[in-house]
Amino acid sequence: MQYSEKVLDHFMHPRNMGEIENATASGTVGNPVCGDIMKMDLKIEDNVIVDAKFKTFGCGSAIASSSMATEMIIGKTTDEALDITNKAVAEALDGLPAVKMHCSVLAEQSIKKALNDYYTRQGLMTPERKAKLAFLEVCEHEDHENCTCAEQ
Amino acid sequence: MQYSEKVLDHFMHPRNMGEIENATASGTVGNPVCGDIMKMDLKIEDNVIVDAKFKTFGCGSAIASSSMATEMIIGKTTDEALDITNKAVAEALDGLPAVKMHCSVLAEQSIKKALNDYYTRQGLMTPERKAKLAFLEVCEHEDHENCTCAEQ
Amino acid sequence: MSITFEERLRESMSLPRVYFDHAATTQPRPEVIEIVAKALQDTYGNPSSFYEEGHRAVRLLEESRAEIAAGLKVLPEEVFFTSCGTESDNWAIKGTAYARQGKGRHLITTTIEHHAVLHSMEALEKQGFEVTYLDVDYTGLLDPEKVRAAIRPDTILVSVMMANNEIGTILPIREIGAICREKGVLFHSDAVQALGAIPVHPRDLNCDMMSFSGHKLYAPKGIGLMYKRKGLRIDRLIDGGAQERRQRGGTENAAFAAGFAKALQMSVADMEHESVRQAALRDRLIRGVIERIPHAKLNGHPTRRLPNNANFSFEFIEGESILLLLDSLGYACSSGSACTSASLDPSHVLLGIGMPAEIAHGSLRVTLGIDSTEEQVDRFLLDLPLIVERLRDMSPLYSDFKRGKLHPLIPEKGGTDIRIEGQYNLD
Amino acid sequence: MSITFEERLRESMSLPRVYFDHAATTQPRPEVIEIVAKALQDTYGNPSSFYEEGHRAVRLLEESRAEIAAGLKVLPEEVFFTSCGTESDNWAIKGTAYARQGKGRHLITTTIEHHAVLHSMEALEKQGFEVTYLDVDYTGLLDPEKVRAAIRPDTILVSVMMANNEIGTILPIREIGAICREKGVLFHSDAVQALGAIPVHPRDLNCDMMSFSGHKLYAPKGIGLMYKRKGLRIDRLIDGGAQERRQRGGTENAAFAAGFAKALQMSVADMEHESVRQAALRDRLIRGVIERIPHAKLNGHPTRRLPNNANFSFEFIEGESILLLLDSLGYACSSGSACTSASLDPSHVLLGIGMPAEIAHGSLRVTLGIDSTEEQVDRFLLDLPLIVERLRDMSPLYSDFKRGKLHPLIPEKGGTDIRIEGQYNLD
Ligand SMILES: Cc1ncc(COP(=O)(O)O)c(C=O)c1O
Ligand SMILES: Cc1ncc(COP(=O)(O)O)c(C=O)c1O
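So the sequences go chain by chain: A, B, C and D. Throughout the first sequence, residue numbering follows numbering that gives the first Met the number 0, covering 0 to 151 in sequence. Throughout the second sequence, residue numbering follows numbering that gives the first Met the number 0, covering 0 to 151 in sequence. Throughout the third sequence, residue numbering follows numbering that gives the first Met the number 0, covering 0 to 426 in sequence. Throughout the fourth sequence, residue numbering follows numbering that gives the first Met the number 0, covering 0 to 426 in sequence.
Derived by calculation from the structure, the hints in this document are not laboratory data. If you're wondering where the values come from, they're calculated on a predicted model, not measured in any experiment. Glycine included, every Cβ here is placed at the ideal spot set by N, Cα and C. Hints should not be assumed to be uniformly reliable.
[Stated by the list, open to error] Straight-line alpha carbon distances no greater than 27 angstroms define the calculated DSS-like cross-link-like pairs of lysine-lysine that follow:
1. C/Lys102 - B/Lys42
2. D/Lys404 - A/Lys42
3. D/Lys125 - C/Lys102
4. C/Lys37 - B/Lys42
5. C/Lys125 - D/Lys102
6. B/Lys129 - B/Lys75
7. D/Lys401 - C/Lys125
8. C/Lys125 - D/Lys412
9. A/Lys42 - D/Lys401
10. A/Lys86 - A/Lys5
11. B/Lys86 - B/Lys5
12. B/Lys42 - B/Lys75
13. D/Lys125 - C/Lys37
14. A/Lys42 - A/Lys5
15. D/Lys125 - C/Lys229
16. D/Lys72 - D/Lys102
17. B/Lys86 - B/Lys129
[To be verified] To list a few chain A residues with every Cβ distance to chain C over 12 angstroms, as calculated:
18. Met0
19. Gln1
20. Asp8
21. Val32
22. Cys58
23. Gly59
24. Leu81
25. Ala91
26. Leu135
Based on the provided sequences and hints, a complete structural model is requested.
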């Protein structure tokens, strides 16, 4: 198993690593038992993500995926960010090894969890948005059996 | 599996190979199905083996064993020759590989078969001699199951 | 002929040795040894390791796999490295049997397979599996229709070798494979002797699994291959780590894998030329032997045989003594397969093609290789008749024949397509 | 400390790489490579062949076997060559199970064995055998009395490793073997990690069978050994020709056998000196790591461990990312056994010694070798704290801890003999 240059670059030089003081919204997914936790902080102005920062406990591809994810959402509207899939994150990294695809899933979910927080708190939740956030129903109660690391 | 120098010497330069015209006695043991046949011709004068010649169809150690056997019996009385064991033949050859010990058995038996021929035809058979030749009872009717190649 | 054995024995001291046992094993090509030694030195990482040295090893391993796959015209993920041809045979047969025993417990093979196959089958028989051993004809060929007739509803595997290691006969495995496919039965072929000598493309040959071994094609001893069709699941023989797509545990021998890839690539590149060259040498050898030695016959198929294989029977004499005298004159040959040389039984292959034991004991296998020359063959044709004559002079069977007491089973003028009938009638 | 990771990253470009993963595999010694290359070239005959080239090969093979037997203080006929440690483990376990199933179908092992053992056991379980997996304590030790208590009338085999490949703990196999002998149960030990590092004498250790692998002691990958007590009959794993006293088919890899013999002989000769030297380096490393890195602990036994093994847990961070950063600074290390690196699960060994999964994910194994130096250790002690710090800075768990939201499982000052209790209580 070997990582692409892009993954290694984002792992060695992570973009937007850190936390945002007084973030507009924040989302944490994963579980230390599974070996991955991602925390995504967003600063949102006029429905546009003006800043994003991550902290990740996890393997190289988890760190790279969160780094890449922040790059992909900064400057996007929240609804655009909501449409970013784990595949898009993985592709932007020039691919991930099969056993590591769940890292890109975590990145997608950490964004969504933060956006869920945002929409809910701002009273902006719509049925459409809710539908795109449906997975969180499971995720909120996640345990080792249901967490993404058991997915592949 | 490798032969001793002695075996190779007797194989490459067999002693007393051939047949004796008007041999006093002669014995053939073995079976082409088993891959070994030894024929031993003896010239006996005053109960002393004055000449012996062999012909052998068989492997290297079969040829070497018959060659060695002829050397061991020439000059001996028939009763002395009767006491020569396959172990003595094998030892004289500095040993035989375990799977080849039956070749020395064949050498012993070819001598005995010739001596049986001699004692019988000369009316010299005694109970003692008969006892030493007992194995021939089996050997006369030998088939693939009973022949010496099935012995080890 | 006025030259004697003793003279040739003296002369042979100053002659180079002649290696005529390429079916037993081959000397690794210099290019292969170089690659192996370099890999042992430079690419020593564990291919499963997660750092530069490991990545380098995994690259070497996977490049080797891809090169081999290209040579076989299969996918890299269909190529599995093993430790030898024997392991591949065991894995294919036992792995299939254990994985499919729910479907049935009947297997089919031939009487002339290598012991790796036969003894795997016997091990399964002890565990309650049932095995049908199909007879071949006197040339070593198997009628594919016999396979069709032997397949039962509970048949789970057919295993038929591609080319026999003793008599060189090339079996009609494509046709057998087609029948197996039609009947929905898995088909394995031991192609250890074929690879490198003739084209081997598992897909074209309708094989689900094939076994190969490096040391028959100028790679080292201790590396084998298994081709296993994509998607086919059988049980593991060697359980352990996640190596070889979790199908075969054990830290990978990337050095020998690279050696195998190089050897195969070179053999495939040489094949067109070498198979013609070796077949011409082989035919020169066969013609010379049959012409010069009375009561001699070629064993195996007269034409449908490996380009490097000649196997003879000489009446009235025994095989090991031929080998010993050949060795003393500088030749490395065998009387059958190397791995049974400690056994006293006549070759199961020769018995399997219907040869009586008394003739089967007197066989000689000569197998040529990339280093074999016309000069070597001609030298051999000078020496072999002296050896046969010398041993016949010692043979009581030959005396009997000379005295008219024994009717020969091989006619005096011999031949390349003789079926032996009957057996000795000794009085 | 004023030096930064980025500075060290730039500096490391001009530094030689440091190989600290000798438990995964080793680079063959130059003397070994030379012997192997020479044997591939000169001793290419098939050891079963009946002529000079074959005799030369069999001599090399048997001399190698005798040399190894001398190193193990056993008889040459008790030493069998295999293709790897994994094959030896499979053979010992499955071969015993199949041969003795008439007597019983129960086997005993531990939870911290290598996958070669564990997956062999699982394969047997699928076939209706029953396996007891004994727990070890938090240091990796197994109380021999637990084995006694687990033995039943239908127990046919106990398999307990001599030294663990991840945490380096040396298990009391002599005592376990004595109990097995007393109870009339066969005892196998996987000594793959022990051979070459500490004295291994199967008889003294009351072992009926032992598994070894060449590549852990500076011989090539692709050769293993099995010690099998004289007279002990188990089933074959690889059926075939008459090689290895009819116990293991396949043309012998005499070249690697000779390499193994050389490597073992050199390791035995070096052992007294090297084990002291490496243990001193290891202790310097352990002390340095625990002193310089907060919330770090040594895994395995504090003293009863292989001289070359150090295994750490670092709280709040994950193992693979440590390895990647180490690799970038020029170090080859591992987080557990190499053969499971593709897996996402935390090490079964760390779980087996009772470590909670959240800590088990953050482990690092450093294993030294004959080429390891004090300079390398000191360089490592400079770099590792930077790496851990960098990853903790990225870790949301560490933020939580800093904010007092998470109670650490490893105390700040760390240690070499810490038993972790409880698990995270995340809100
Ligand atoms: C304890 C232990 N057993 C078995 C093995 C397997 O050895 P091999 O890789 O030679 O199959 C290893 C190493 O991989 C090991 O560390
Ligand atoms: C037809 C055939 N199958 C299998 C084998 C076994 O190969 P290996 O010696 O690599 O185990 C051989 C040669 O020994 C062979 O000729």
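Hint by hint, here is what the structure shows:
For a cut-off of 27 angstroms, the pair hint linking lysine 102 of chain C to lysine 42 of chain B is broken: about 71 angstroms separates their Cα positions. With a CA separation close to 23 angstroms, the supplied pair lysine 404 of chain D and lysine 42 of chain A stays within the 27 angstroms bound. Pair hint lysine 125 of chain D plus lysine 102 of chain C holds up; C-alpha atoms about 17 angstroms apart against a cutoff of 27 angstroms. Taking the CA atoms of lysine 37 of chain C and lysine 42 of chain B, the gap is near 68 angstroms; set against the 27 angstroms cutoff, the hint is violated.
Restraint check for lysine 125 of chain C and lysine 102 of chain D: the C-alpha separation of about 17 angstroms stays at or below 27 angstroms, so the hint holds. The hinted pair formed by lysine 129 of chain B and lysine 75 of chain B meets the criterion: a straight-line CA distance of about 19 angstroms does not exceed 27 angstroms. Taken as a hint, the lysine 401 of chain D and lysine 125 of chain C pair is broken in the structure, with Cα atoms around 66 angstroms apart against an allowance of 27 angstroms. About 61 angstroms separates the Cα atoms of lysine 125 of chain C and lysine 412 of chain D, which puts this hinted pair outside 27 angstroms; it is violated.
Between lysine 42 of chain A and lysine 401 of chain D, the direct Cα distance comes to roughly 23 angstroms. Compliance with the 27 angstroms bound is thereby established for this hinted pair. Our distance criterion of 27 angstroms between C-alpha atoms is met by lysine 86 of chain A and lysine 5 of chain A, whose separation comes to about 15 angstroms. Pair hint lysine 86 of chain B plus lysine 5 of chain B holds up; C-alpha atoms about 15 angstroms apart against a cutoff of 27 angstroms. Note on lysine 42 of chain B and lysine 75 of chain B: the hinted pairing holds, with a Cα-Cα distance of about 11 angstroms set against a maximum of 27 angstroms.
Distance check on the hinted pair: lysine 125 of chain D and lysine 37 of chain C sit about 42 angstroms apart at the alpha-carbon level, beyond 27 angstroms; violated. For the hint linking lysine 42 of chain A to lysine 5 of chain A, the alpha-carbon distance of about 26 angstroms falls within 27 angstroms, and the restraint holds. Between the alpha carbons of lysine 125 of chain D and lysine 229 of chain C the distance comes to roughly 24 angstroms, so the proposed pair stays at or under 27 angstroms and holds. Between lysine 72 of chain D and lysine 102 of chain D the alpha-carbon distance is near 31 angstroms, which puts this suggested pair outside the 27 angstroms criterion.
Using a Cα cut-off of 27 angstroms, the hinted pair lysine 86 of chain B and lysine 129 of chain B holds, with the two alpha carbons roughly 21 angstroms apart. Against the 12 angstroms criterion, methionine 0 of chain A falls within the reach of chain C, whose nearest CB is about 7 angstroms from its own CB. Distance to chain C contradicts glutamine 1 of chain A as a non-interface residue, since its nearest Cβ pair spans about 5 angstroms, not more than 12 angstroms. The beta carbon of aspartate 8 of chain A sits about 16 angstroms from the closest Cβ of chain C, which is more than 12 angstroms, so the claim that it is off the interface holds.
Even its closest Cβ contact with chain C, about 22 angstroms, leaves valine 32 of chain A beyond 12 angstroms, as expected for a residue assigned away from the interface. Residue placement check: cysteine 58 of chain A does not keep its beta carbon more than 12 angstroms from all beta carbons of chain C (closest about 10 angstroms). The non-interface label for glycine 59 of chain A is inconsistent with chain C: the shortest C-beta to C-beta separation is roughly 9 angstroms, within 12 angstroms. The beta carbon of leucine 81 of chain A sits about 35 angstroms from the closest Cβ of chain C, which is more than 12 angstroms, so the claim that it is off the interface holds.
At roughly 23 angstroms from the closest C-beta of chain C, the C-beta of alanine 91 of chain A stays outside 12 angstroms, upholding its exclusion from the interface. Against the 12 angstroms criterion, leucine 135 of chain A stays outside the reach of chain C, whose nearest CB is about 33 angstroms from its own CB.
Hints 1, 4, 7, 8, 13, 16, 18, 19, 22, 23, counting from the list given before, are not met by this structure.
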